[in-house]
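Asks: In case you want the letters, here they are:
There are 2 protein chains.
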Amino acid sequence: MFDNIRVVLSHTTHPGNIGAAARAMKTMGLSRLYLINPRYFPDAQATAMAAGADDILQHAVVCSSIDEALQGVTFTVAMTARLRDISIAVKTPREAMPEVLQQAATQPVALLFGTEMSGLTNEEMGKAQLGVNIPANPEFSSLNIAAAVQVMAYELGVAAQSFAPCVQEIEPATHERIEGLYAHLEKTLFEIGFFTTQNPARLMQRLRRLFSRTRLEDEEINILRGMLTVTTEYNARLKKRYAEEHPDVQ
Amino acid sequence: MFDNIRVVLSHTTHPGNIGAAARAMKTMGLSRLYLINPRYFPDAQATAMAAGADDILQHAVVCSSIDEALQGVTFTVAMTARLRDISIAVKTPREAMPEVLQQAATQPVALLFGTEMSGLTNEEMGKAQLGVNIPANPEFSSLNIAAAVQVMAYELGVAAQSFAPCVQEIEPATHERIEGLYAHLEKTLFEIGFFTTQNPARLMQRLRRLFSRTRLEDEEINILRGMLTVTTEYNARLKKRYAEEHPDVQ
Chain A
38 MFDNIRVVLS HTTHPGNIGA AARAMKTMGL SRLYLINPRY FPDAQATAMA AGADDILQHA
98 VVCSSIDEAL QGVTFTVAMT ARLRDISIAV KTPREAMPEV LQQAATQPVA LLFGTEMSGL
158 TNEEMGKAQL GVNIPANPEF SSLNIAAAVQ VMAYELGVAA QSFAPCVQEI EPATHERIEG
218 LYAHLEKTLF EIGFFTTQNP ARLMQRLRRL FSRTRLEDEE INILRGMLTV TTEYNARLKK
278 RYAEEHPDVQ
Chain B
38 MFDNIRVVLS HTTHPGNIGA AARAMKTMGL SRLYLINPRY FPDAQATAMA AGADDILQHA
98 VVCSSIDEAL QGVTFTVAMT ARLRDISIAV KTPREAMPEV LQQAATQPVA LLFGTEMSGL
158 TNEEMGKAQL GVNIPANPEF SSLNIAAAVQ VMAYELGVAA QSFAPCVQEI EPATHERIEG
218 LYAHLEKTLF EIGFFTTQNP ARLMQRLRRL FSRTRLEDEE INILRGMLTV TTEYNARLKK
278 RYAEEHPDVQ
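Order-wise, the sequence lines are chains A and B. Under our numbering, the letters of the first sequence match residues 38 to 287, in that order. Under our numbering, the letters of the second sequence match residues 38 to 287, in that order.
This is chain A alone, in the form it adopts within the complex (with noise of 0.2 Å):
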């Protein structure tokens, strides 16, 4: 179940971080660490805090974009400071464990974590179905993030202990079908001339939390495009239509 599991670090600056998070990981038994564009990686300080945890960073895959890190994933939990996020609903982590432990046991599923500095960029959180706040000191909020890992993956190790997988009905999209999905809309918005009266990049955020909820199969993405492909076409045999009907008009 935890071999389904990915720690995903985006950007990190502090190598010392990556190696206290692999150390992190490693105590509670979680092994996959992805690395999105690291500023220092492999480098010694990461060895050095990785305090016997070394085989996880040998084995860490560093990427170059989010996409290519949350490939195959149907299932990513991207960690916030907010209690509230436009684009996705956010739980605690004790709250969010028993959903991440059922969808692992079947699907690989990503822990996305920002950088030290900011967290995670609109994008990054766009990407998501379901954020994790970690309840902390309003005052002073910022867990640093290897310390945010073991909060983690120390609550995975509990909840795994009590868990027992639901028979699980759906088949759930990867993450670059429901990516696929979201540039197809977008696309047709924009052909259809939605956009005109709307903020786009606000307009995909909320379509983005919409189907963030859902779950979306990968049946019923083949169901949303072929919509989609079809009002084109349909648009585009109605500007045809209109073309032809006045040919004065351009």
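Hint data in this document are derived by calculation from the structure and do not stem from the laboratory. There could be a bad hint or two in this list.
[As the list claims (entries may be wrong)] Cβ pair distances, simulated, as ranges: (1) B:Leu261 <-> A:Ser178: 31 to 37 Å; (2) B:Tyr219 <-> A:Arg121: 50 to 56 Å; (3) B:Ala88 <-> A:Thr234: 42 to 48 Å; (4) B:Glu160 <-> A:Lys128: 56 to 62 Å; (5) A:Ser101 <-> B:Cys203: 55 to 61 Å; (6) B:Arg243 <-> A:Gly109: 53 to 59 Å.
[As the list claims (entries may be wrong)] Looking from chain B toward chain A, a few residues come up when the C-beta cut is under 10 Å (computed): (7) Met65; (8) Arg69; (9) Phe177; (10) Leu180; (11) Val186; (12) Gln198; (13) Gly217; (14) His221; (15) Leu222.
Ideal Cβ placement from N, Cα and C applies to all residues, glycine included.
Given chain A, put chain B in place with the hints provided.
Replies: Okay, now just chain B, sitting in the frame of chain A:
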């Protein structure tokens, strides 16, 4: 309530860990840090890793012995890598927190962390009323000390959100009063010749375990020490009478 909780780090080797522990504490609203003979402190690395929690470092109390660090404390929780311990009962962080909060509602409480390499000594463990083991990967169970502080502080923070103190009926004795009792007990057992057939260190550990479970009250310590005093006096009287009746025996 959190003002009654002190984090005590014993003989910490790496100053960065002290800073990271301070940060972990502050993220969860803890502020009282005690350091027993830290190898380097104050230190620039500690300040760097504190990342804004340097107020906690500035107010840290540096002590030269564990008894000094536990002065006034009525409930000490010792971190242990072992699931069982000869000298005290061991719980998980989650199991332990309601009791920690209950004690901290009215009395000073200590969370005691050992060194990076070897944890707490048996002597240090013997000063505690409760052991706490963070459940971990049996093949790699060694959490970084600041990561362990983060897990404990996090569990405290979560537990505090749903905590309502019970009315406490007992008046627990302080650390130094309890140590006074043990010293008196050990001295008395020597005097009455009890240790001639027993291993003193091991027996005292068993007695500490017994009394740590009962949470001794101040008044009870008076009673017990009164009994010890009378025992010694009785023993002295017996010896004296024996010497008088048998002047030929030395």
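Asks: Confirm or reject each hint.
Replies: Each hint, compared with the structure:
no.: 1; hint: B:Leu261 <-> A:Ser178: 31 to 37 Å; verdict: 47 Å, violated
no.: 2; hint: B:Tyr219 <-> A:Arg121: 50 to 56 Å; verdict: 53 Å, holds
no.: 3; hint: B:Ala88 <-> A:Thr234: 42 to 48 Å; verdict: 45 Å, holds
no.: 4; hint: B:Glu160 <-> A:Lys128: 56 to 62 Å; verdict: 43 Å, violated
no.: 5; hint: A:Ser101 <-> B:Cys203: 55 to 61 Å; verdict: 56 Å, holds
no.: 6; hint: B:Arg243 <-> A:Gly109: 53 to 59 Å; verdict: 56 Å, holds
no.: 7; hint: Met65; verdict: 6 Å, holds
no.: 8; hint: Arg69; verdict: 14 Å, violated
no.: 9; hint: Phe177; verdict: 5 Å, holds
no.: 10; hint: Leu180; verdict: 5 Å, holds
no.: 11; hint: Val186; verdict: 9 Å, holds
no.: 12; hint: Gln198; verdict: 7 Å, holds
no.: 13; hint: Gly217; verdict: 37 Å, violated
no.: 14; hint: His221; verdict: 41 Å, violated
no.: 15; hint: Leu222; verdict: 39 Å, violated
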